[in-house]
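2 protein chains.
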Amino acid sequence: MGKQVVRLGFLGLGTVGSAVYEVLHRNAEDIAMRAGVDFQVRRIAVAHPEKPRPVPVDRDLLTGNAWEVVEDPEVDVIVEVMGGIEPTRSYLLKAIESGKSVVTANKQLMANRGRELLDAAEARGVDLYFEGSVGGGIPIIRPLKESLAADRITEILAILNGTTNYILTKMAQEGWTFSQALADAQRRGFAEQDPTEDIDGHDAASKLAILASVAFNTRVTASDVPREGIAKISPRDIAYAQELGYTIKLLAIGRNTDDHVEVRVHPVLIPSHHPLATVSNEYNAVLIRGDAVGEVMFYGRGAGGLPTASAVISDIVDIGRNIRFRANGRIRCTCYRQKPVLPAEQVEVPFYLSLQVVDRPGVFARIAGVFGEEEVSIASIVQKSRGETAEVIMITHKTREGQMRRVLDRLRDLPVVKEVSNVIRVEDSEG
Amino acid sequence: MGKQVVRLGFLGLGTVGSAVYEVLHRNAEDIAMRAGVDFQVRRIAVAHPEKPRPVPVDRDLLTGNAWEVVEDPEVDVIVEVMGGIEPTRSYLLKAIESGKSVVTANKQLMANRGRELLDAAEARGVDLYFEGSVGGGIPIIRPLKESLAADRITEILAILNGTTNYILTKMAQEGWTFSQALADAQRRGFAEQDPTEDIDGHDAASKLAILASVAFNTRVTASDVPREGIAKISPRDIAYAQELGYTIKLLAIGRNTDDHVEVRVHPVLIPSHHPLATVSNEYNAVLIRGDAVGEVMFYGRGAGGLPTASAVISDIVDIGRNIRFRANGRIRCTCYRQKPVLPAEQVEVPFYLSLQVVDRPGVFARIAGVFGEEEVSIASIVQKSRGETAEVIMITHKTREGQMRRVLDRLRDLPVVKEVSNVIRVEDSEG
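Sequence order for the protein chains is P and A. Anchor point for the first sequence: position 79 equals 79 in this note's numbering, and the numbering is continuous, going up by one each time. Position in the second sequence (from 1) plus 1000 gives the number in this note's numbering.
If we strip away everything but chain P, and leave its shape as in the complex, we get (with noise of 0.2 Å):
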């Protein structure tokens, strides 16, 4: 007896979707015996319909036109890898609305407008799976909504993006300056010719959005994301850290309390011996802390055609399981708590800050002496260099960000600090 076959509509065909094309060929047989369902691709949305494809794909499928495949009756389930907010946002909600389950791999369409499109999902009946818009091939989402169902998380810290580490990593290695590690990564193809949307962590806040709101059970947009980027990092920062015990990462950060949901994108120091530390190159980490389980990592490459259609793939064999019993909608928007978002000055954490200052007795207890005026307390603080102008390390035990900006307000005008040089968070919990 043939199976039931779900039919797939795609929006794109570009490197995800290219790799899912082919994926679902190649492995077919092993597709459908997990599924309960054949799957087949019955219509393609494309920019160019003309252009050479890489993988050998039936051009009477191809359409310029993706409200066709929205619309076209035949279609159960839709693939999007088109990316963007508009008009994939409009297509999504419309084959929502005329019952099509989708998928998408989208973290700009799901950190800004998830709420939207998984209410219409809910309200229709049908399936809005994400698996790919956050770590690439790894399986987080759908483990957060199922295989941690059990736990209260109070705790995310990840390495969402890849180009990012990459660059650190090879900064920490081969002592580069940012601007050679990015040229480096920019040669190999992990960072993008205008890498913005990568270095300064606003990729890494659209995922942070995506796993915050499934984690803690309320709905947290990229916007309410404050992030900083990487550029600033020096290799000097690097080898201090090093000397300190500390590893420099650009992670995302989820706090989950009964009051509010605290989340921030940012360089930190992290002890070198943390899980996280040696998490390195283009790979990326999800660190995910609960009441019961403890604490679990998540880790692969966080991009790529093919990593990424493996979780693309993984949500089709849900729906198609789902559609095989009736049961769309199994899962439900996990959004079912509204909390505030902490404001980003009421956040407390360890500092680390690298100044430079005039080399002559009585500096430290002009600089100590501001900390101790704004109540910040000085973990340590260490010359590292002599001469005209000296190079001091200090790092702060927990200190508020509001209190933090005072300080430094307060030390740039200080005539004995000539420059500020550097700012970076630390994280050192431990659970």
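In short, the hints are calculated from the structure, not lab data. Treat the hints with care, since some could be wrong.
[Claimed, not checked] With the C-beta cut set under 8 Å, the calculated list includes, among others, these residues of chain P facing chain A:
no., residue
1, His25
2, Ala28
3, Ala32
4, Ala35
5, Glu131
6, Ile138
7, Ser147
8, Val293
9, Ile313
10, Asp318
11, Arg321
12, Cys335
Just so you know, even glycine gets a beta-carbon here, dropped at the ideal spot from N, CA and C.
Starting from the known structure of chain P, fit chain A onto it as the hints suggest.
This is chain A only, laid out in the frame that chain P set:
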């Protein structure tokens, strides 16, 4: 409107059972929101109903007769946390037969009688879930069945036993002997008073059989897994391995080819930069290689009441969702192929050897001669100590087990070889 109620019957209320009970109550509201149903513990079978309990449990629920739970028509789902093969298997078969879904954390049962139980569940259209049987709280069974459903999984490399990983970590970090580290693990509660099950690799072999069955889509039982324990590992082996850039771990290894599967549990030298090499103390980790996803790793606490309860409850939640949508049987037994297990003699790996030899000229030539005649090629041979007896460390290129055994027999017969102190496999595949 009240939610549908799914009624649970526990078999067992030991460390894991108590933790399941506790977390089900503590996080009841979240668990119900996520599952879309409420859960109610209806009956609990324990060996000694009168015994004091570490968690406050309604004593009216307790019974000394497991059949009462299995046959209770008001129990929808059996939560099996009693362990052992019989009578557990009989209870579960009866429960399945009467239409109950089952959650079990019983690795022994699943590794030995998994097929029988899964076939029964499939025939009856109920669910049999076993996330807690491998890796404690680490999500791994469900990610393999769902998140990696697109992939042809080619390799599993895993640290599946926390006791042995703790012992090897302490030997490496503190220079302790195996016996010292074992005694320390016993003091800290990481090792049983009779540690055989862990240190001889039985525990890891059962878990690997379960993982391989799910990942490779063919049934592997515990008895298919050749295993060696860690009792022979000496602090000197660990030190020599470190000098050569390796870390010694007890690994569970599975490989999947077109023709067969390969499974084994034994100590190995892995490169110290390998993601598994940095997994220390009682932590577990599972590295999976798939043809689309590439390399992904899952890391966390592989044992303990609360982590295992997290896994068990995730299965309960999933079954609750299935009951709500009448979708039980939605994910079927994954063993839809039948592949032979490669005989141990045919497995090919590099070997590390430590030999005690007579310290005089010509000895290397005699030893190397044996390797040459048996067509085993040597990657390195280094003399580590001098004296009347010299210690020699060798690493070979990939060699079949059968060939290696012939070399060892001949070495032991050489008058210049006083002892073959250790033989450890090397794992340095890079995909």
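Right, here's what the structure says about each hint:
no. : hint   : result
1   : His25  : 11 Å, violated
2   : Ala28  : 10 Å, violated
3   : Ala32  : 10 Å, violated
4   : Ala35  : 7 Å, holds
5   : Glu131 : 7 Å, holds
6   : Ile138 : 6 Å, holds
7   : Ser147 : 3 Å, holds
8   : Val293 : 4 Å, holds
9   : Ile313 : 3 Å, holds
10  : Asp318 : 6 Å, holds
11  : Arg321 : 5 Å, holds
12  : Cys335 : 10 Å, violated
Checked against the numbered hints above, the structure breaks hints 1, 2, 3 and 12 and satisfies the rest.
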